[in-house]
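Visitor: Here is what each chain is made of, one letter per residue.
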Amino acid sequence: GESVGLHLPTLSVQEGDNSIINCAYSNSASDYFIWYKQVSGKGPQFIIDIRSNMDKRQGQRVTVLLNKTVKHLSLQIAATQPGDSAVYFCAENMSGGSNYKLTFGKGTLLTVNP
Amino acid sequence: NAGVTQTPKFQVLKTGQSMTLQCAQDMNHNSMYWYRQDPGMGLRLIYYSASEGTTDKGEVPNGYNVSRLNKREFSLRLESAAPSQTSVYFCASSRSSGVSYEQYFGPGTRLTVT
Numbered sequence: 010g011e012s013v014g015l016h017l018p019t020l021s022v023q024e025g026d027n028s029i030i031n032c033a034y035s036n037s038a039s040d041y042f043i044w045y046k047q048v049s050g051k052g053p054q055f056i057i058d059i060r061s062n063m064d065k066r067q068g069q070r071v072t073v074l075l076n077k078t079v080k081h082l083s084l085q086i087a088a089t090q091p092g093d094s095a096v097y098f099c100a101e102n103m104s105g106g107s108n109y110k111l112t113f114g115k116g117t118l119l120t121v122n123p
Numbered sequence: 005n006a007g008v009t010q011t012p013k014f015q016v017l018k019t020g021q022s023m024t025l026q027c028a029q030d031m032n033h034n035s036m037y038w039y040r041q042d043p044g045m046g047l048r049l050i051y052y053s054a055s056e057g058t059t060d061k062g063e064v065p066n067g068y069n070v071s072r073l074n075k076r077e078f079s080l081r082l083e084s085a086a087p088s089q090t091s092v093y094f095c096a097s098s099r100s101s102g103v104s105y106e107q108y109f110g111p112g113t114r115l116t117v118t
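Protein chains in written order, with the working numbering: chain X, 10 to 123; chain C, 5 to 118.
Since the hints were derived computationally from the structure, they do not count as laboratory data. Since we're looking at a predicted model, the values are computed, not measured. No residue lacks a Cβ here, since even glycine has one placed at the ideal position from N, Cα and C. Please note that the accuracy of each hint is not assured.
Quick list of the computed label-pair ranges, beta carbon to beta carbon [stated by the list, open to error]: (1) Thr118(C) to Ser49(X): 20 to 30 Å; (2) Ser88(C) to Gly50(X): 20 to 30 Å; (3) Gly50(X) to Glu63(C): 19 to 29 Å.
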């Protein structure tokens, strides 16, 4: 979930397990959501996106679920690998239309134990 | 195809000094963005440029100026650096196609103001 204060929420899983990272977004009018992965010392990297007219979208080993009723987004990673260790951010487009600004959550640190 | 490039990678400034962070993208993207990232925080938007010739303030614009030099380049200037501006700065770009708002990020500039 989202962090409070300066400490990131953390999730620690065993290699091969499935991971679920949660995100609560703030604006019920947001129409587009993205998950990014950031490894230490690098810029964020796109994982998967979803529009508000969808509840679920699948990629390679990843699934994003959107629950608009409770303004909740989750990222599921199947068969988690050590290379999945990173900080994961959700982002929402709060304005829709031609405004392409994204608002980012504070992130969740995923640690995969071998 | 280098994607989004940023210079410099690291910089140390004294309080009151000025500097310009450079960003360039070779993906023919219309929109470009500057973010700052502080420990335990997500990315916060400083300024963005929806298209060549336009710039707009983001969430935390105070103390910064930007220039969209051409379609490829978007610079961020600190006129009088302050310790509160110690951060990692990321530049990003997006197609702004209306289909996807995916932003592509550069590697970041780590700035320390003493």
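Visitor: Run every hint past the structure and note whether it holds.
Guide: Status of each hint after checking the structure:
Here the CB-CB span from threonine 118(C) to serine 49(X) is close to 23 Å, well matched to the stated 20 to 30 Å. Checked against the hint of 20 to 30 Å, the C-beta distance between serine 88(C) and glycine 50(X) comes to roughly 23 Å, which is consistent with it. The hinted range of 19 to 29 Å is satisfied by glycine 50(X) and glutamate 63(C), whose Cβ atoms lie roughly 24 Å apart.
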